[in-house]
Every structure is written in C-alpha cells, then in structure tokens.
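Enquirer: So for the sequence shown, numbering that gives the first Met the number 0 puts the first residue at 0; every next one is plus one.
Among these hints, one or two may not hold up.
[What the hints assert, rightly or not] Simulated restraints, written as ranges between beta carbons of each label pair:
#, residue 1, residue 2, range
1, 96, 137, 21 to 27 Å
2, 83, 57, 26 to 32 Å
3, 136, 105, 27 to 33 Å
4, 43, 82, 15 to 21 Å
5, 150, 10, 20 to 26 Å
Don't read these hints as lab results, they were simulated from the structure.
Predicted model only: the values in this text are computed from it and were never measured.
Positions of the beta carbon are idealized from the N, C-alpha and C atoms, including for glycine.
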Amino acid sequence: MGIKVGDKAPGFTLPKQDGTAVSLSDLLQKSAVVLYFYPKDDTPGCTQEACSFRDSYEAFKDAGAEVVGISSQSADSHKAFAAKHRLPFTLVSDEGGKVRKQYGVPSTLGLIPGRVTYVIDRGGTVQHVFNSQLNAARHVTEALGIIQKLNGARAS
Numbered sequence: 000m001g002i003k004v005g006d007k008a009p010g011f012t013l014p015k016q017d018g019t020a021v022s023l024s025d026l027l028q029k030s031a032v033v034l035y036f037y038p039k040d041d042t043p044g045c046t047q048e049a050c051s052f053r054d055s056y057e058a059f060k061d062a063g064a065e066v067v068g069i070s071s072q073s074a075d076s077h078k079a080f081a082a083k084h085r086l087p088f089t090l091v092s093d094e095g096g097k098v099r100k101q102y103g104v105p106s107t108l109g110l111i112p113g114r115v116t117y118v119i120d121r122g123g124t125v126q127h128v129f130n131s132q133l134n135a136a137r138h139v140t141e142a143l144g145i146i147q148k149l150n151g152a153r154a155s
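When you get a sec, could you build the whole thing from the sequences and use the hints?
Expert: Have a look at this one:
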C-alpha cells in the first residue's frame with residue numbers, strides 16, 4: 000500500500016548529484032517539496048519529464064516549492080544527467096530503492112520502476128499523488144497546479 004494524500008511523507012537522507020547528503024526535513028524547512036520518482040536517467044520518458052520540470056522550475060520556485068527527482072542511479076549518473084539537460088533542481092540517489100519502497104511506488108509490469116509524483120507541504124503532509132508511467136509531462140502540470148493552489152491558500 001503506497002503513501003496517500005493526507006499521509007506523512009516518509010523522511011529520508013540521500014546523496015544528491017554533487018555527492019552531498021540532503022534530507023527531506025531540511026528541504027521542508029525552506030519550502031514545500033515536489034518529490035518525483037522516475038525510472039532511470041537518460042531514458043526518453045524520464046528525460047521528457049525532467050526537462051518539463053526544468054522548464055517550469057521558476058514557476059515552482061515562485062509558488063514556494065522545491066523540485067526533487069529520485070531514482071536508483073548513482074550520484075555520478077545523476078550528475079551527468081543533470082549537466083546534459085541543464086537541470087536546475089536536485090536529483091537524489093536511492094540506490095537499492097529503499098525510499099521507493101517506503102513510499103510504496105509500484106513497478107510497471109513488475110519490472111520497470113514506477114513514475115509517481117508527490118506534493119508535500121511544509122508540514123510534511125502529502126497533498127497530492129500522481130501516478131502515470133506514460134504521461135510524463137502531466138506530472139509537472141498536476142504538481143504545479145496543486146502547489147499554486149496551496150500557495151494561493153496561504154496568501155489569502
């Protein structure tokens with residue numbers, strides 16, 4: 000059973016693409032977090048998704064959220080992927096898939112790691128979950144809409 004809306008997001012501390020550690024609790028002290036699990040660096044769907052997040056990154060920042068991509072590749076793989084596609088956000092390495100398991104991210108056909116995005120508010124509560132292996136770009140539009148709604152609610 001995966002993490003659902005209203006659940007507390009499981010915490011983690013993992014290496015970023017530069018090799019330094021980052022924790023969910025540290026990120027949440029500064030902003031809401033859009034945590035997106037993706038199957039693999041430099042595959043067509045994952046590249047499309049990462050570039051869509053890149054192209055909307057300023058809108059996420061303006062709405063009060065940080066974007067974090069997570070998959071099982073090494074920090075070095077993430078570093079090359081981020082450099083190649085000029086990704087301005089953090090990619091974290093979940094080698095062994097421990098955090099993926101904590102969130103209950105399903106596999107497609109039992110083989111391909113799933114593509115699921117979680118919008119986590121500053122209190123650590125999951126506000127939105129979007130699961131679609133094939134519709135990579137929709138992860139961005141869904142998450143941005145929720146973040147903007149949360150931000151709008153805070154501003155009023």
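Enquirer: For each hint, tell me whether it holds in the structure or not.
Expert: Consistency of the hints with the structure:
1. 96 - 137: 21 to 27 Å: Check passed, 24 Å falls within 21 to 27 Å.
2. 83 - 57: 26 to 32 Å: 20 Å, violated
3. 136 - 105: 27 to 33 Å: Check failed, 20 Å falls outside 27 to 33 Å.
4. 43 - 82: 15 to 21 Å: 18 Å, holds
5. 150 - 10: 20 to 26 Å: 23 Å, holds
When each numbered hint is compared with the structure, violations occur for hints 2 and 3.
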